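Peer 1: So the chains spell out like this:
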Amino acid sequence: MRLTVRHVTHYRFAAPVRGAVQSHRLIPADCEGQTILDWRVEVEGALWGAAFRDGAGDQVRTMVLRGPVSEIEVAITGEVETTDTAGVLRGHREAVPPLAYRRTTRLTRPDKPIAELARAALEGREDAADLDRAHALAAAVARAIAYAPGETHASTTAAEALAQGAGVCQDHAQVLIAAASVAGLPARYVTGYLNATEDGTPHEASHAWAELHVEGLGWVGFDPANKCCTNEHYIRVGSGLDAEDAAPIRGVTRGGADEVLEVTVAVEAAQQ
Amino acid sequence: MGAETGAAMSEAFNEMYDGGALRAPYRALETWRRTMPAELRALKQTEAEALFRRFGITFAVYGEGGDPDRLMPFDMFPRVFTATEWRRLERGIKQRARALNAFLADIYDRGEIVRAGRIPAGIVYCNEAYEIAVAGHRPPLGVYSHIVGIDIVRTGPEEFYVLEDNCRTPSGVSYMLENREIMMRMFPQLFQEMRIAPVDGYARLLKRTLASAAPSKCAGDPCIVVLTPGPYNSAYYEHSFLADLMGVELVEGQDLFVEGDFVWMRTTEGPQKVDVIYRRIDDAFLDPLCFRPDSALGVPGLMNVYRSGGVSICSAPGAGVADDKAVYVFVPEMIRFYLGEEPLLSNVPTWRCSEPDDLAYVLAHLDELVVKEVHGSGGYGMLIGPKADAATREAFAARLRESPANYIAQPTLALSSCPTFVDEGVAPRHVDLRPFCLVGETVELVPGGLTRVALTEGSLVVNSSQGGGVKDTWVIAE
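One line per chain: the protein sequences are A and B, in this order. In terms of numbering that gives the first Met the number 0, the first sequence is residues 0 to 271. In terms of numbering that gives the first Met the number 0, the second sequence is residues 0 to 477.
No lab work stands behind these hints: they were computed from the structure. Computed from a predicted model, the values in this text were never measured in an experiment. Ideal placement from N, C-alpha and C gives every residue a C-beta, glycine not left out. Check the hints yourself; a few may be wrong.
As the list claims (entries may be wrong) - Rough simulated footprint, nothing fancy, chain A against chain B, three-plus residues with beta-carbon under 8 Å: (1) 130–141; (2) 253–259; (3) 430–436.
What the hints assert, rightly or not - Computed, partial: chain A to chain B, Cβ under 10 Å: (4) Met0; (5) Val20; (6) Gln21; (7) Trp47; (8) Ala50; (9) Met62; (10) Pro97; (11) Arg102; (12) Arg124; (13) Asp244.
Stated by the list, open to error - Computed list of chain B residues with no C-beta within reach of chain A, every gap over 10 Å: (14) Phe186; (15) Thr266; (16) Phe284; (17) Tyr360; (18) His374.
Only chain A is shown next, with the shape it has when bound in the complex (with noise of 0.2 Å):
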């Protein structure tokens, strides 16, 4: 499938500020199942710098803008084929063990309710293999949250989204991650873009979802918010040990001051 991506991250200051520096996690990387046939990341005067592919595979660039800066509009135009490999990430080069995703963070830590819900998920599954172990949690976290825009923040952690019942992909995903961890898979978070679903389920085109780490397959991305594994309606960006860890943009500003962000992303098959 060939998908189109058109995604415009626009800040906007009350003042203007005397500079900006970001870090960029934007650029997906070929992989199985994932080929960039064309990538654009556009920031008006930006002074760029620093571009490198980190441990994990991601790659990484940084922003610099001069001030005086009243507004920074981060403008993404891409071009990808996909194809669906059943959520198996293949081909990804990455130098970071898949044990070091066995710790959790302020984020991702599991409280008791996660705990119950993981070892309710992996009842009579204790010598199950992996793969259903990690399909069991999936499929838990997916019935104990229900998808709610506005319920939930963008530092809301994984125990107190369940505690809700309610939340994003971003819940979703860290809540897995949380439950992943008491089962003892190695989890993370993943940032990416989802093509619109024709059968009208709700979702976000900019979107996030877990990888869990499966013996004997390694890396399968689970999106409980969909209810699936990954598959070519997504385009794997970047990935964290959670939503802060793993965001695709990172940036502070100097003589800081409020900022209205506005985000717009359209994922699309191309016509053919």
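With the hints as your guide, set chain B onto chain A.
Peer 2: Using the frame of chain A, we list chain B on its own:
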């Protein structure tokens, strides 16, 4: 940090009088001590304190906290090693520093030592100090820890043990230098009578080590800076002292910025490219775009420049995993694996409570052991078995059973003692030693280190927050 053990002074090895007989390296000091009038001693002590105040050395050693403006007690009685003793220590220290660096370069690359089954994968990769952000990144020369502080205790004429390794930003080296400076000013005749190896080459060696770590993108003389968290940090004096001695700039995060492929320093003559950062800031605070987003001490974008080879950071981010207490147990194995040598310095025997057999032993011998938290420091969450009452030990045993993997246990060691000035004259007090090994293109060690002394009679805690002081450390030149 610190030599927390429970043996009695009487069992301890006295570095000056071995079984009552005066040991050779202390011969000249015996006369010096005997012939020094009490008034002169008092005068010199006052003079020493005045000098410390004037130099402004009033900080605590790393991780110990405490009042940054408090004067560290200085004991004028030096600690002395023979050339033979030092040669052996030096070889052992350099060997260890090399192995620790080989380990770091390996685990951020292919992890051969883990694949070979010589150290459990979980201890390395599940460790909080294993830095995912630098996996796969090879720093210049493959060196991660450029300044290795190795804490050593002695229990006999030939018995030395490594208590812990400090691979991140060990502090205290300014005491090594200033203690010597003050002793030379106050007792010049001692330095004429005895041939004491100098330590003042440290700053030159440090600068050379840092320069050798410059990135390949740097042409010509590298620009080196010392990055400090600022004047509120307890080791700020040392940061500014070392920058001064090396003749390089002392900077805070706000003095640096990232643009293009490099890090720049704001100067009155415009931006100057920085090649090597000797940082005295923890990993977590280095760069809000990579680590803690709330850090105001770091430089936004620094880690991206570092990972794309535009700047060197000493010690490298991620070096801390090598000095973790659970990893410590495997340092002798690292020496065998990477260097093909037998360790010259011993580890303190350590039981890892994560192992059921070890845990059973520890629970049965709590009254003889020191139990420490794996990731703790500064003595918090520690049990000194011989000094604890039964109820305390019971309570601790419960915590051990609940999360055994969080603890290690070690026997109590009879730490050596050195003569120390006390109110009544001179008396033995327990000591440890922190030498500072430099790792760059070459591995260097100046003949000396920081000797910390437990000033309270019978005490084995040398931490400055608990009544510890410092001494000058002498190595007799060959």
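Peer 1: Each of the hints needs a verdict: does it hold here or not?
Peer 2: Evaluated hints:
Coverage of a stretch by a chain is defined here by at least three residues with a beta carbon nearer than 8 Å to that chain's beta carbons; for the stretch 130–141 of chain B and chain A the count is 6, and the condition holds. Taking a C-beta to C-beta cut-off of 8 Å, the stretch 253–259 of chain B contributes 4 residues in contact with chain A, enough for the three needed, and the coverage statement holds. Given a C-beta distance limit of less than 8 Å, the hint that chain A covers the stretch 430–436 of chain B is violated, as 0 residues qualify and 3 are needed. A least Cβ separation of about 31 Å between methionine 0/A and chain B goes past the 10 Å threshold, and the interface hint is therefore violated.
Look at valine 20/A: its Cβ gets to within about 4 Å of chain B, closer than 10 Å, so that hint holds up. Here the hint on glutamine 21/A is kept, as its CB sits about 7 Å from the closest CB of chain B, short of 10 Å. Residue-level restraint check for tryptophan 47/A holds (minimum Cβ-Cβ distance to chain B is 8 Å; threshold 10 Å). At its closest, the beta carbon of alanine 50/A sits 7 Å from a beta carbon of chain B; the interface hint therefore holds under the 10 Å criterion.
Hint status for methionine 62/A: holds, given a least beta-carbon distance of 9 Å to chain B, under 10 Å. Given hint, proline 97/A at the interface with chain B, holds; its Cβ is 8 Å from that chain's nearest Cβ, closer than 10 Å. For arginine 102/A, the shortest C-beta to C-beta distance to chain B is roughly 6 Å, which falls under 10 Å, so the interface hint holds. With 10 Å as the threshold, the beta carbon of arginine 124/A stays out of range of chain B, its nearest partner Cβ sitting at about 23 Å, so the hint is violated.
Interface restraint check for aspartate 244/A: the shortest CB-CB distance to chain B comes to about 8 Å, inside 10 Å, so the restraint holds. The beta carbon of phenylalanine 186/B is kept farther than 10 Å from every beta carbon of chain A, the shortest such distance being approximately 53 Å. Even its closest Cβ contact with chain A, about 17 Å, leaves threonine 266/B beyond 10 Å, as expected for a residue assigned away from the interface. Residue-level check passed: phenylalanine 284/B sits 14 Å from the nearest beta carbon of chain A, beyond 10 Å.
Under the 10 Å C-beta cut-off, the non-interface status given to tyrosine 360/B relative to chain A holds; the minimum distance is some 27 Å. No Cβ of chain A approaches the Cβ of histidine 374/B within 10 Å, the least distance being about 12 Å, so the stated non-interface status holds.
Hint violations for this structure: numbers 3, 4, 12, all remaining hints satisfied.
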